[in-house]
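Visitor: Those protein sequence lines, which keep their order, are chains A and B.
Oh and the first sequence: position 94 is 97 in the numbering used here, straight run, nothing missing.
Oh and the second sequence: position 536 is 539 in the numbering used here, straight run, nothing missing.
Where hints are given, some of them may not hold.
[As the list claims (entries may be wrong)] Residues from chain A that keep clear of chain B, each with C-beta distances beyond 10 Å, as calculated: (1) G16; (2) L21; (3) D35; (4) K43; (5) L47; (6) A85; (7) A103; (8) Q104; (9) L113; (10) E132; (11) L153; (12) G154.
[As the list claims (entries may be wrong)] Not close to chain A: a few residues of chain B, all C-beta gaps over 10 Å, as computed: (13) S44; (14) G95; (15) R112; (16) E197; (17) E645; (18) A665; (19) T680; (20) S751.
[Said to hold, decoys possible] Derived list of chain B stretches under chain A, where covered just means 3 residues or more per stretch with a C-beta under 8 Å from a C-beta of chain A: (21) 7-18; (22) 228-238; (23) 253-262; (24) 682-688.
I should point out that these hints are in silico values taken from the structure, not numbers from a laboratory.
Cβ coordinates follow ideal geometry from the N, Cα and C atoms, glycine included.
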Amino acid sequence: MTFARRIDLTVNGRPHRLEIAVHHTLLEVLRDDLGLTGTKECCLVGECGACTVLLDGISVDSCLVLAVEADGAEVTTVEGLAVDGRLHPLQEAFLATGAAQCGFCIPGQLVAATALLADDPQPTRAAVEEGIAGNLCRCGGYEQIIEAILGAAAVMAADGPAGGEADSVARGDPGR
Amino acid sequence: MSGSAVGASPARVGGVERVTGRQAYVADIPFEGVLHAHLVSLDCARARIVSIDTSAALAVPGVRLVVSAADLPQPVPRFGPQFQDRPVLAVGETHYHGEPVAAVAAETRDAAEEAARLVKVDYEELPAVFTVAGALDRSAPLVQDPDLRPGDPLARTNVLREHRYGWGDVDAATADVVVEGTYAFPMVTQFAIEPHGFIAAPDGDGVAIWTSIQHPNWLQRILAGVLRMPLAKVRVHAPDPGGAFGGKQHAKYEPLVALMALATGRPVRLVLSLDETFQAVRRGASEIHVRSGFRSDGALVFRDIEANYLIGAYADIADRTVSKGSYTSCGPYRVPSARIVARSILSHTTPSTAFRGFGNPQQIWAVESNMDEAARTLGIDPVELRRRNLARPGESFIPGDTAADGDWSRALERAAELIGWGSAPPPGRGRGLAVGLKSGPTTGLSHATVRLLADGSVIVSAGTSDMGQGARTIFAQIAAQELGAPLDWVAVVMGDTAVVPYDQQTSASRSSVFMGSAVLLACREIQARLRAMAARLESVPEEDVIVDRGEVRVGGRTLLIRDVLVRGLGRLGGELIGIGEMRKEAEPDHPLGGTAAFYEFNCTAVEVDVDRATGDVTIVRHVTVSDVGKALNPLQVRGQDEGAAVMGLGHTLMEHLIHDDAGRIRNLGAIDYRIPTSKDLPLTMESDMVENEDGPGPYGAKGMSEGALLCVAPAVAAAVHDATGASIRDLPLTPERVWRALRDTDSSAGPPDAEGAS
């Protein structure tokens, strides 16, 4: 027996009204109901970080959040990082350092990094290591991922106020 | 052009898709009307299946199919890359924890999961074996039915194969010093972040499969056999795997999903949970006894190696990892006499398969740890001991096989220099270093087509799987360079057996060498046709035309390939098509069926800090140096080297699958099975490479994607010994194991000996 409920969810700035099964996670709703497959499914116990999204600006494992808990929230997924086809500085930096190998963990890494830079725009290396500690990369590309995040932070700082982009993404601001 | 030329590091082809979430892995492909599949397995390793009642499962709304062995073609098809031993579903008996006994297909995932829980299996648990000793015991139950191994003298044992290699006379050799020990390597799992995913759908009178697979053509052959279809009716789509590491080389549940699709007439998708992938693939564990004889000056006199690999319940490609990994087990050294015995031992555990390093990390752990013990016994510096014995370029170090194909001492000296060998490490720290090699492919066949279109853009078709190693980028770079196209004017088509020509496999770090060569040869064929075209257009003999790296030179003039092409193709346009083939034939008299196409050589050096109170090992510095021949894309080389190094730190420091008495994996899943995170990195990591352009691949490249994993464990263990005096022969070097070793060392031997790296 499946119980359904209606929820309102704003995803990457776009509002949705959805009829969802109450036992479905935010991850399932993003992938299966909304077709946003950039967010990945792996461990389903909140350890690997492949399903990381921003929920009202907070980085969460969407496999551990019931969709009903997200009712009324603003969600940012990897698909929401680029604006009008222009890549986010983090995405550019991941490309430049070769951080994406197989690529499967990368959406989660990018979203976790977005949250990190929103909280701490000029993080130390140690802060970056801590910030992505919940995002496993079996290709072992951590060095290049960390380099990318530090590099993006520098670019975003140099870009001045526009560098606040990550901040607005992190807060799920649809008006950017 | 310099930004994308071979030897430069343009952004990964496919990179934008990966950073935007648009890269579609198998689980992401939208499919109209797809049925969702779920597996049913038992809560123990070995059991006799008494009965399977599917009635409750079939009653779940939305369930379209419940299948067990009885519902499959009889006898139930068995398959495997080396032995046809794995049934599509368990027949009569299960052989490992997680082996599927039934499967469900339903309209929704929820219905499939619920129905799978409602399949009632009545079973009787049976005695089982999970260790080398247990499997070799005379009274041990047989893992495989002897009827599956007709004519095999070992059929009534749990030894699937025994391999014997050697040269010289070990028993007659006289050594001043003999050093021996047994070194254990744990079961570890590939843990690709993308769990395995499979989709099958009826396709006219054939079948189409989408799967996260490294060898689409090999899978096509397996499926054609199971389904009794011609190859042409089995279409394998192979989207880029989200990590593979060997675990996605060979067929697992594709035959099952294909049969379910044909039975329902619907597309069927099965996406494993991470826990199920742990039960589907792992690396072979090993216990390897090494006895090495040396002259007092450090020269190796003999090696005597007995390697027992614990493989799983079905062979998969595990026995090949054993034969190939043990064949080079003497290491990159000059060894006058050698005797190697290696066994593939079946057990009631997850079938082990290929995993980055392919049987070699186990051997290198044993032999390099043995080398360090020898250095201490001989009173010779560990680097010096290796220097004295390392095979020189061109030296035949394994009789009858490929000679040393690199100046390996350069990697050794470079790593030693980078780690500061010869200077004393800071107090409390220790250094260790290890060398190792892996034999490249022994046979191979890669076809590629390259099409130069009328506007000068290029389509490369290549059957390699890009699982993160960056093969797509390499092929695009080669084509761009040879045909004078900008990199973003090159499209690389992969992963569809109906469209892309045959490739034997994506394994053994072969793709740059084999498929890269095929792409290069296809480009060269196009260049030859351009040459003829230019000669005709310019009314000169062909000998007067040179086509080189995107340019056409006629007399003193230089023309762009594209201009010649446009004029030469004329008003009809069209394209030039080049076909390339790279082939390495089998050599039937060779113990492995062929000599090594190349060797992957690596030297790893580390400096560690050991917390004596907790046994926690911190890698302070990690240096990895690989002999790559030629770095076609240095950024990707770095990614492969550092990634392999981090993966190596996993089995070195933390990873091991633990079984309970029923053969259940106790640390199933990401909470209890730890792999390195960003917080487990060496405090500093340096990767460097040796480039002598002495490989068989394009521009002198060698394969390189596994090398940096090979030597991590012995280097770290040597460093732990250097820091503490504790000698450990079992992996992983968990805090508990190190702590216990420190306690034993401190209580027995007094102060740790001061010999070693410093």
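Visitor: It remains to establish, for every hint, whether it holds in the given structure.
Guide: For each hint, the structure was consulted:
No Cβ of chain B approaches the Cβ of G16 of chain A within 10 Å, the least distance being about 15 Å, so the stated non-interface status holds. Under the 10 Å C-beta cut-off, the non-interface status given to L21 of chain A relative to chain B holds; the minimum distance is some 16 Å. Consistency note on D35 of chain A: stated as away from chain B, yet its beta-carbon is not over 10 Å from all of that chain's, at 8 Å minimum. Against the 10 Å criterion, K43 of chain A falls within the reach of chain B, whose nearest CB is about 7 Å from its own CB.
Residue-level check failed: L47 of chain A sits 7 Å from the nearest beta carbon of chain B, not beyond 10 Å. With a least CB separation of 6 Å from chain B, A85 of chain A falls inside the 10 Å interface cut-off, contrary to its annotation. With a closest Cβ-Cβ approach of about 4 Å to chain B, A103 of chain A is found to fall inside the 10 Å limit, against its non-interface label. Chain B draws Q104 of chain A into its interface by the beta-carbon criterion, the shortest separation being 4 Å against a cut-off of 10 Å.
Against chain B, the non-interface label of L113 of chain A is violated: not every CB pair exceeds 10 Å, the least being about 6 Å. A beta-carbon of chain B is positioned within 10 Å of the beta-carbon of E132 of chain A; the least distance is around 4 Å. Taking the minimum C-beta to C-beta distance to chain B, about 12 Å, the non-interface status of L153 of chain A holds against the 10 Å cut. Under the 10 Å C-beta cut-off, the non-interface status given to G154 of chain A relative to chain B holds; the minimum distance is some 13 Å.
Against chain A, the non-interface label of S44 of chain B holds: every CB pair exceeds 10 Å, the least being about 17 Å. For G95 of chain B, the condition that its CB be more than 10 Å from all CB atoms of chain A holds, with the nearest at approximately 32 Å. Under the 10 Å C-beta cut-off, the non-interface status given to R112 of chain B relative to chain A is violated; the minimum distance is some 8 Å. Once the 10 Å rule is applied to beta carbons, E197 of chain B is inconsistent with being away from chain A; the minimum gap is 4 Å.
Not every CB of chain A lies more than 10 Å from the CB of E645 of chain B, the least distance being 5 Å, so the non-interface label is violated. The claim that A665 of chain B lies off the interface holds: its Cβ sits roughly 23 Å from the closest Cβ of chain A, which is beyond the 10 Å cut-off. The Cβ of T680 of chain B does not lie farther than 10 Å from every Cβ of chain A; its closest approach is about 5 Å, which violates its non-interface assignment. For S751 of chain B, the condition that its CB be more than 10 Å from all CB atoms of chain A holds, with the nearest at approximately 37 Å.
Check on the stretch 7-18 of chain B: 5 of its residues sit with their Cβ under 8 Å from a Cβ of chain A, so the three-residue criterion for coverage holds. Counting residues of the stretch 228-238 of chain B whose CB falls under 8 Å from any CB of chain A gives 0; the rule of at least 3 is not met. With 0 residues having a beta carbon nearer than 8 Å to a beta carbon of chain A, the stretch 253-262 of chain B misses the requirement of three or more and the stated coverage is violated. With 3 residues bearing a CB less than 8 Å from a CB of chain A, the stretch 682-688 of chain B meets the requirement of three and the coverage assertion stands.
Hint compliance for this structure: hints 3, 4, 5, 6, 7, 8, 9, 10, 15, 16, 17, 19, 22 and 23 are not met, and every other hint is.
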